[in-house]
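2 protein chains.
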Amino acid sequence: MAIKFEILAEDKVTRARAGRLHTAHGVIETPVFMPVGTRGTVKGMTQDDLEALGVQILLANTYHLYMRPGHELIGEAGGLHRFMSWPRAILTDSGGFQVMSLKSLRRVTEDGVWFRSHLDGSSHFLSPEVAVEIQLALGSDIMMCLDECVAYPASQEDLRRSVSLTTRWAKRAKERCQVSGARCQTPAHEGVNAELASLGQGNSGDNSEHDPAEPHVSVPETFVLTPDTGHLAPDTSSSSLFGIVQGGTDQALRRQSAEELRALDFDGYAVGGLAVGEPKAEMYDTVEFTAGLLPRERPRYLMGVGTPEDLVEGVARGIDMFDCVMPTRNARNACAFTSAGKLSLKNACYARDEMPLDPTCGCAVCRRYSRRYLRHLFVSGEMLAAILTTHHNLHFYLDTMRRLRQSLLFGEFAEFHCRVRSHL
Amino acid sequence: MAIKFEILAEDKVTRARAGRLHTAHGVIETPVFMPVGTRGTVKGMTQDDLEALGVQILLANTYHLYMRPGHELIGEAGGLHRFMSWPRAILTDSGGFQVMSLKSLRRVTEDGVWFRSHLDGSSHFLSPEVAVEIQLALGSDIMMCLDECVAYPASQEDLRRSVSLTTRWAKRAKERCQVSGARCQTPAHEGVNAELASLGQGNSGDNSEHDPAEPHVSVPETFVLTPDTGHLAPDTSSSSLFGIVQGGTDQALRRQSAEELRALDFDGYAVGGLAVGEPKAEMYDTVEFTAGLLPRERPRYLMGVGTPEDLVEGVARGIDMFDCVMPTRNARNACAFTSAGKLSLKNACYARDEMPLDPTCGCAVCRRYSRRYLRHLFVSGEMLAAILTTHHNLHFYLDTMRRLRQSLLFGEFAEFHCRVRSHL
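Protein chains in written order, with the numbering used here: chain C, 1101 to 1524; chain W, 1101 to 1524.
What the hints contain is simulated information worked out from the structure, not anything from laboratory work. Please note: incorrect hints may appear among the correct ones.
Note that identical chains are pooled: a pair holds if it fits in a single copy or bridges any two copies.
[Unchecked claim] Derived DSSO-like pairs (lysine-lysine); straight-line CA-CA distance at most 30 Å:
#1 K1446 x K1380
#2 K1446 x K1143
#3 K1271 x K1203
Keep in mind the model is a prediction, meaning the values are calculated, not measured.
Okay, chain C solo, but in the shape it has when bound (with noise of 0.2 Å):
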């Protein structure tokens, strides 16, 4: 089963809206707030935690985890999933975001990138093919195509090529899916039957993880026994893949991209290039045109965004997944969210406070522990600090994604969204 996307519920005045999106790897309920896991761990999480917040869907970085264990290994052990022990869902990036940011370290060509590793120096090349095979070996459920995100600020010539650039990669990468058999399109109305239709003959092809001679039979958690070696790979045709639209903030751009990607038709569309420097109102405006200009029936991500108000300015929008490392990187350096804004835990004024970082939040840390303590563990450098912090502030972003999506099944949501802009 790729992923199938249904709408339950939609705003009447804004773009927002609640859905769900179906995978082989669960049930995700959109607006949806995805913690980043780069190295196959969200820092200072256990995988008992993650569930036990609700977390439904998990980011894990394509560049790292090709770097250190490597995709051949992870993939040997079954993919990502069991790698990690985390049986639901799973999106991957393509790698290309932290290969831009190498800068003096990359070339970039219109085959793909070369660069040199962070961690050795030595050389490596990433192009549309494989930044798909790669993301296939995790066993991805929904894998980002190559895209080029540039600095900001951009020249026009710069924005126009990376663009161009975009469209003919996502081509690139949707081609080495088909070839590969992994099912990069899923129309929304198809029924199950259709879908294992289709997966047999997606295995017919050129498929480098089955043996051709095999029938594809899908077993559970989605791992399927490969002859030669007894391995456990990860089932491919369970992976799903989105495009990414660029053009920074220039509408015209952002509307040739969104075009010719919808025209590529993927299974959902992310919004890239945004969140790299631009100034807020500008970044709102950017995902509120571009939403627009995106297939209602399929999910749309806006990458690496953000703060709380980020997230619900985003769904009002009408986006649907969010990323970003700022509740658990802000929580390593002592940064708390919580309904009254952010709190500093390094501050004097907390030294002999009593209080839970939120008085109003039911989370496990905030039911047990004072800001005194919290102070305390950080200012000591004790790991137990980041370890509370970071299950708090993903307990905010979780919960005020929850309570947005409930706002909107009854439709509450312009109420909410009143009542969180006057908060945050």
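Following the hints, complete the assembly by docking chain W onto the known chain C.
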């Protein structure tokens, strides 16, 4: 209620025994291993985790908590139990071991130890009385007397001096306890009524924690509201005090130390000054000899020991309580304890190993994660590596003690002892 020790079973061949230690913060089943929570946290573990692991008593370090956040601050918070949200028992050391380790930064006199902080170089003074006062402010269930632990190897002269000084300091610690109204001696045969009566007497003395005009009533959680500030102060009436036997590996000095401390009648007795570099056979001999000098009806605590084997050998020699940083510190250094010995998880041989840390272990980590995943986490420097391995190692230690205790209750200790000796 101060502590009360019951013996439930004694081995017929060795000195091993199983018992119950009753404290104001729950019953401790002995023999017991106490995880080390140096600064009010067991590194990498949440208090929920510790409870789930079945930890009944933690050790906290007086020196570290005195330095940061300070015992006054913790006292204001109602004591360490409340500060760190730990409802079960806490044993505190005296701070002496850390202060003695400062070497060039400290000077030992008859009065006590002058030392400089390892954090900021500021000057401090630790005396037997101050050590008790700090531990009372922390609200410790089991306090330790300030002792002088000499480095190994030590001259006979140094050992003799340290034994005498330790006795004189133990006497002063005991006197300071009695002045404060803390229950620092509980004959095992005394009932609850007798204990309550003695609490009332203690409280009518020079008690800086309570208003003498107020009747002393025990409230749940053992926190007492002090009338002047409204802060919750620890209920020091529940604290007990252990003496520490010194004397290196010299039997005559150990005998002298044990006899002098017995004459002072402590709630329990610790064997100190071991695991400081002496050969293991000498340590075991000294433990056996010293435990034999201590009263049967009081708990015996072997400080800072040790490996899983040391625990079993210590129990066989009459020890009831142990603490050691080994399971937690080794975990952070990628060393896992298993039924088949130690694993160094950074070793390349685990890169593709899909086994759990210990196939015979039922802990939450062995039920869910593979060695290859743990190795990846260690190689990547991820926090989760230490979190999961600490959890497993603590489970291994606690489970070893539980199985050992069961063997004593069922009269099968000899068999257990033999099996462990052949495996560890």
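Hints, verified against the model:
no., hint, result
1, K1446 x K1380, "within (28 Å within a copy, 44 Å between copies)"
2, K1446 x K1143, "both (20 Å within a copy, 19 Å between copies)"
3, K1271 x K1203, "within (25 Å within a copy, 69 Å between copies)"
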